[in-house]
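Given the sequences, and given the hints that come with them, work out the whole structure.
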Amino acid sequence: FDLDSPTSYTIDQNDKILTLRFYPAIISSSIPYKALKDSIITKVSLVKEADGQIEINVYLNKTGLYRYFGDSNKQRIILDVFKNQKLFNKAKVLGFNVNVREKPNVNSKIIKKVNRGNIFKVQSFEDGWFKILLDDQKSGYIFGWYLEPIYEIEKSRKARNTEPEAHTKLGSPKTKRAVQSKVAQRDLKAEKPHTSYTSHSPEAERLYNSGISFFKKNDYQSALNSLNQLIQTFPDSKYVASAYFHLALIYSKMKGYSCEAIAYFDLLNKYYPNSFYASLSYFYKGKLFYKKEKFKEAKEMFEKFIKCSPKTKELKEAKIFLAKTLFKMGWHRQAKKVFLELEKKYPDFYIEDPEALYLMGENYFLLKKYKKAITCLFHVLNVYPQIKEKDVILARIADCYNYQGQKSASIKLFKLTEKLYPKTEGGLIAKIRLLEKADTVRKINEYRSIVETEPDTPLSQLAMFKLATTFYEKAEYKKCICILEEMMKRYPRSSLFENVLYLLEKALLKQIEVYTSQKSYIKLINFYLNKKQFFLKVKNPHCFLYLGNAFKEMRLYDQAINVYHMADNLFWDDGKKDEWLFSLGYLYFKKHSYNLAKEKFQELISSYPKSKYKKQALLYLGKSFYFLGDYNKAKKLLSKVIKTSKASFDLFESYFYLGEIFLTQGRYLKALNLYKKAINIGGDSKSLSFIFYNMGKCYLGLNKEKKAMEAFNQVQDGLVKKMANILTSQIDINHKLRELNETSKFIK
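Per full-length UniProt numbering, the very first residue in the sequence shown carries number 1; after that it's consecutive.
The set of hints was computed from the structure by calculation and includes no laboratory data.
Fair warning: there could be bad hints in the mix.
[As the list claims (entries may be wrong)] PhoX-like mimics (lysine-lysine), calculated; alpha carbons at most 20 Å apart, straight line: (1) Lys270 <-> Lys90; (2) Lys478 <-> Lys519; (3) Lys287 <-> Lys253; (4) Lys90 <-> Lys138; (5) Lys614 <-> Lys635; (6) Lys131 <-> Lys112; (7) Lys112 <-> Lys92; (8) Lys576 <-> Lys539; (9) Lys707 <-> Lys670; (10) Lys369 <-> Lys336; (11) Lys311 <-> Lys287; (12) Lys510 <-> Lys531.
[Claimed, not checked] Label pairs and their calculated CB-CB ranges: (13) Gly330 <-> Arg206: 44 to 54 Å; (14) Asn703 <-> Phe627: 26 to 36 Å; (15) Pro458 <-> Gln602: 46 to 56 Å; (16) Glu297 <-> Phe497: 17 to 27 Å.
No residue lacks a Cβ here, since even glycine has one placed at the ideal position from N, Cα and C.
In structure tokens:
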């Protein structure tokens, strides 16, 4: 309603409908006068107006107080509708990323964000805020502008779907109507009303015809006015479904209004879900989604339309769009199936859409059906010689010849493409392909020239990638990595991104192998730290194995463990995982994390029974059980190492730790026997010192002090020597005490 500066407005019984909208609203909230039982005496009074906001009270004699909030100006006020709960108990979200707040004010904490189409139970309405019940049974507040109440009176609107228009099958005599538009030529006048609510009014027909006439003349604003007036004034008219449909079409033709178009299509499906226009809306919604590159949603719409509208004239176009959509999604096999169906049913389907034939050829190429791809692409050039992609098509045909092994034909066509279209995308593709046969120096220079002269084209990306590939082939891995690094910065959304990552991974691994073979561990660690952001994208676990080994060699065990773990969820395609398990277990052992070490060694032994690391894993698993106090398992594993291994280190360690177990258990003779075997094998000074020290303890346990002294005297290692000296001194003291005791007895 329009206001100059009034304080109230009264609706009388001549008003058919009260519609207030928050402009520019997609969806209006309407109160049909008839639905409120002809008993409305409504007064609209201005409560307050400040800072561009207006608050109005609406009084109804039976249903109570309504309150409205919205923006205001001196000329016109168009408001959104918020009603009390006597008419509704649910509401639908109209916006995207709408804030749900803890309390009914804009400074309150945001507890959740919701999106358009979500429906929530309304608990109360307070100062323009809806209190809603969320899915987790918690309450929150949304300001009313962002919600559309779902009214009980809308049940009457749903009844319209029983109209013959909704239930008559397509193709039957009753549905051969024509809508006065370019989209659907069906005559609604031929349809007789079959329900009590369907009304016919000359004014409704005039508004409808006027709107369609304006639509055909591309006078969209006038068409919008006429069709909106029809819907608001005659909500029960048989023309309303068509009006919603054409409103959506108008918005779809207006630049920047695709969201509004989709919203009106949604309204059509909500109020007239079984009508012809509802099914047709799927097709046009699909085209809108396709244009917005929302291919998943487009696919869903086209499939729905094809399923529910098998006999419409739009069916062929829908199938063409479905095939194109599947191609854009990368679903090439499914796209091929739809293309074949089109070829069979509509042999000339591409006459109205040459892009479809072109994409069909591209689809065959990506499926490696090169012969069929050549046929399609040549057909495109023959039927549409003026097509703007002809340079790219020629280059693609040459690619097909190349992959079929027809090298001579491929080279000739690449040369022709480069000559005819020297600065086009196809010409540059041809140039790059021909360079693959050139010498390395020329390739590098030409690739760099393309990158410098064509920086903003996809060909620059391809040239950079080819340049990086050339350096990789020359084993100049650092240069390759630098170019790929620059490429990822310049073109983060490149179609070659997966190829770039793959080559980067290979180059990183090769450079790591170079440093590893040179034992340049510090250089390798610095290389990793400088390129760490790229290692986060690496999927090859070998990179992290070699890096971890470098940290391990530098005794940086914590860093080594962290790097090893970067390969946790990666796929090992050869026998390197056993080395990774052993290395990680070994580091846990060195860090005294024996339970973690045990897990890695056990996984290695069970998963890789033929691994060269198995015997060492058995040894360290036995040692881990020893330190965990599980002597029985330790003895079993160490004894197995002695039986199966010939390595002197493994045998020495096994005898030593078995001796330790028997010493702890007080079985001194058994321990001495094992220590002697370890001495015969030989070990480093520190290990031998420990053995002689423990042998001395065994002799003390057997009360053989002289033998113990001999063993202690053979200890060489400094710290162990001090420990041995303490026990030697104790033996001397004990010996002197015994002599003193004997002397005392003799004197007595």
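Pair hint outcome, Lys270 versus Lys90 [Cα-Cα no greater than 20 Å]: Holds - the C-alpha atoms of Lys90 and Lys270 are around 16 Å apart, at most 20 Å.
Straight-line alpha-carbon gap Lys614 to Lys635, limit 20 Å: holds, 17 Å
Does Lys287 lie within 20 Å of Lys311 when you go C-alpha to C-alpha? holds, 19 Å
Quick check on a hinted range of 17 to 27 Å for Glu297 and Phe497, using CB atoms only. holds, 24 Å
Holds or violated: Lys131 and Lys112, Cα atoms, limit 20 Å. holds, 13 Å
For Gly330 and Arg206, compare the CB-CB distance with the range 44 to 54 Å and indicate the outcome. At roughly 51 Å between Cβ atoms, Arg206 and Gly330 fall inside 44 to 54 Å, so the hint holds.
Is the hinted range of 26 to 36 Å satisfied by the C-beta distance from Asn703 to Phe627? holds, 30 Å
Does the structure keep Lys287 and Lys253 at a Cα separation of 20 Å or less? holds, 11 Å
With a cut-off of 20 Å on the C-alpha distance, tell me whether Lys576 and Lys539 pass. Holds, at about 14 Å.
Does the alpha-carbon distance linking Lys90 and Lys138 stay inside the 20 Å limit? holds, 15 Å
For the pair supplied as a hint, Lys478 and Lys519, confirm whether the alpha-carbon distance does not exceed 20 Å. holds, 18 Å
Check the hint pairing Lys112 with Lys92 against an upper bound of 20 Å on the C-alpha distance. The hint holds at about 16 Å.
Every hint, counting from the list given before, is met by this structure.
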